[in-house]
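Given the coordinates of chain R, assemble chain E onto it according to the supplied hints.
Heads up: the sequence lines are chains R and E, in that order.
So the first sequence is numbered by this note's numbering: it starts at -1 and just counts up by one.
So the second sequence is numbered by this note's numbering: it starts at 96 and just counts up by one.
Just so you know, these hints were derived from the structure itself, not from any lab.
A virtual CB, placed ideally from N, CA and C, is assigned to each residue, including glycine.
Certain hints may be false.
Distance windows between CB atoms, simulated [what the hints assert, rightly or not]:
| no. | chain 1 | residue 1 | chain 2 | residue 2 | range |
| --- | --- | --- | --- | --- | --- |
| 1 | E | 173 | R | 55 | 40 to 46 Å |
| 2 | E | 177 | R | 48 | 32 to 38 Å |
| 3 | E | 121 | R | 113 | 36 to 42 Å |
In silico EDC-like cross-links for lysine to aspartate or glutamate, where the CA-CA straight-line distance does not exceed 20 Å [said to hold, decoys possible]:
| no. | chain 1 | residue 1 | chain 2 | residue 2 |
| --- | --- | --- | --- | --- |
| 4 | E | 121 | R | 93 |
| 5 | R | 55 | R | 12 |
| 6 | R | 9 | R | 36 |
| 7 | E | 164 | R | 57 |
| 8 | R | 55 | R | 36 |
| 9 | E | 165 | E | 102 |
| 10 | R | 51 | R | 12 |
| 11 | E | 151 | R | 100 |
| 12 | R | 55 | R | 100 |
Short, incomplete list of chain E residues facing chain R, as computed with Cβ under 7 Å [what the hints assert, rightly or not]:
| no. | residue |
| --- | --- |
| 13 | 187 |
| 14 | 193 |
| 15 | 196 |
| 16 | 198 |
| 17 | 204 |
| 18 | 206 |
Residue-level listing of the chains:
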Amino acid sequence: DAGITQSPRHKVTETGTPVTLRCHQTENHRYMYWYRQDPGHGLRLIHYSYGVKDTDKGEVSDGYSVSRSKTEDFLLTLESATSSQTSVYFCAISEPAATSTDTQYFGPGTRLTVL
Amino acid sequence: SQQGEEDPQALSIQEGENATMNCSYKTSINNLQWYRQNSGRGLVHLILIRSNEREKHSGRLRVTLDTSKKSSSLLITASRAADTASYFCATDATSGSRLTFGEGTQLTVNP
Chain R
-1 DAGITQSPRH
9 KVTETGTPVT
19 LRCHQTENHR
29 YMYWYRQDPG
39 HGLRLIHYSY
49 GVKDTDKGEV
59 SDGYSVSRSK
69 TEDFLLTLES
79 ATSSQTSVYF
89 CAISEPAATS
99 TDTQYFGPGT
109 RLTVL
Chain E
96 SQQGEEDPQA
106 LSIQEGENAT
116 MNCSYKTSIN
126 NLQWYRQNSG
136 RGLVHLILIR
146 SNEREKHSGR
156 LRVTLDTSKK
166 SSSLLITASR
176 AADTASYFCA
186 TDATSGSRLT
196 FGEGTQLTVN
206 P
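Here chain E stands alone, though its shape is the one from the complex:
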């Protein structure tokens, strides 16, 4: 079963709007990562947040982590059509199991 579950499964917004995606997980983690996948391509690492961090920024990306709720959110500000992609969270569990990916959120940014 998947460790991470993204919500919503699909999101459609207009260019310039902000996009927020959520990820919930089940077990204790060392860190949580977000990846992007453009259609027909491999996944690309976006950002990593460690279990002792609450918020992290990278350009237009903002990630939060709430370990008490076992959840994370990815915010993309001022979205662009080029942000259209699937976004996956991946958890690195303290149990030593390998990185586990959720099923992803399909983001569509309309020009």
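Isolated chain R (complex conformation):
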């Protein structure tokens, strides 16, 4: 988890409220990712970023938006949280230019419960 922090680590919220999760890195990696992890589904990509202000959708992007105004920060927003978005959310980073691979490094996760 070194070099990657997520906040908050735990959050309980109510259906219909907006929620923002923050990922912060100190590694200066270009790529940042948001995943959700659910039993029976493994790890699924929500959105990713390949540079400041450059983002793209992943496999399960509906209901989520992201922003990246600085290299070190990647925000995930649930505009109106639903119970189906109860999950553990992981941020990851990678620097393919340095390794010529997409080896990713993960944060500690945020456990989100939507009541």
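Then chain E, alone, in the frame of chain R:
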């Protein structure tokens, strides 16, 4: 849908035994990676094998790749209780899509 599928879903062994986990995937890949996740933590990269490699070692880990069968195996030798974790394979497809993870194998090593 998941690109990689691990088998078995769960594995329970005694300390000192070897543990073998398998991963099958569907499309052509640049490389395949294995990650470990301890309970309540993020994933940690273990080892990467490129599509032109057949076997790779790192400490007690041995990974094989058979691109003709679209499968990989992860062998952990002389397992320890500290190896208890979930293990995921992840494929880096030649199509340019992002890294795709399987659902993982839950390994329990009993002392």
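Evaluation of the provided hints:
For residue 173 (chain E) and residue 55 (chain R), the hinted distance range of 40 to 46 Å is satisfied, since their beta carbons lie about 43 Å from each other. Distance hint check: the CB atoms of residue 177 (chain E) and residue 48 (chain R) are about 36 Å apart, consistent with the given range 32 to 38 Å. For the pair residue 121 (chain E) and residue 113 (chain R), the supplied restraint of 36 to 42 Å holds, since their beta-carbon distance comes to about 37 Å. Restraint check for residue 121 (chain E) and residue 93 (chain R): not satisfied, since their Cα atoms lie roughly 25 Å apart, outside the 20 Å limit.
With a C-alpha separation of about 25 Å, the suggested pair residue 55 (chain R) and residue 12 (chain R) falls outside the 20 Å cut-off, and the hint is violated. Taking the CA atoms of residue 9 (chain R) and residue 36 (chain R), the gap is about 16 Å. The hint holds against a cut of 20 Å. Between the alpha carbons of residue 164 (chain E) and residue 57 (chain R) the distance comes to roughly 26 Å, so the proposed pair goes past 20 Å and is violated. Proposed proximity of residue 55 (chain R) and residue 36 (chain R) is supported: the alpha carbons are some 19 Å apart, at most 20 Å.
With a CA separation close to 14 Å, the supplied pair residue 165 (chain E) and residue 102 (chain E) stays within the 20 Å bound. The suggested pairing of residue 51 (chain R) with residue 12 (chain R) is violated, with an alpha-carbon distance near 29 Å, which exceeds 20 Å. A threshold of 20 Å between alpha carbons decides the hint, and for residue 151 (chain E) with residue 100 (chain R) the separation of about 18 Å falls inside it, so the pair holds. Restraint check: the Cα-Cα separation between residue 55 (chain R) and residue 100 (chain R) comes to about 17 Å, which is no more than 20 Å; the hinted pair holds.
The criterion of a C-beta within 7 Å of any C-beta in chain R is met by residue 187 (chain E), whose closest approach is roughly 5 Å, and the hint holds. Interface hint status for residue 193 (chain E): upheld, as the beta-carbon distance to the closest one in chain R is roughly 6 Å, under 7 Å. The interface hint given for residue 196 (chain E) is met, as the beta carbon of that residue sits about 4 Å from the closest beta carbon of chain R, less than 7 Å. Taking 7 Å as the C-beta cut-off, the interface hint given for residue 198 (chain E) holds, the closest approach to chain R being about 4 Å.
Proximity of residue 204 (chain E) to chain R is violated relative to the hint, the smallest CB-CB distance being about 22 Å (cut-off 7 Å). A distance limit of 7 Å between C-beta atoms decides the matter here; for residue 206 (chain E) the minimum to chain R is near 26 Å, and the interface restraint is violated.
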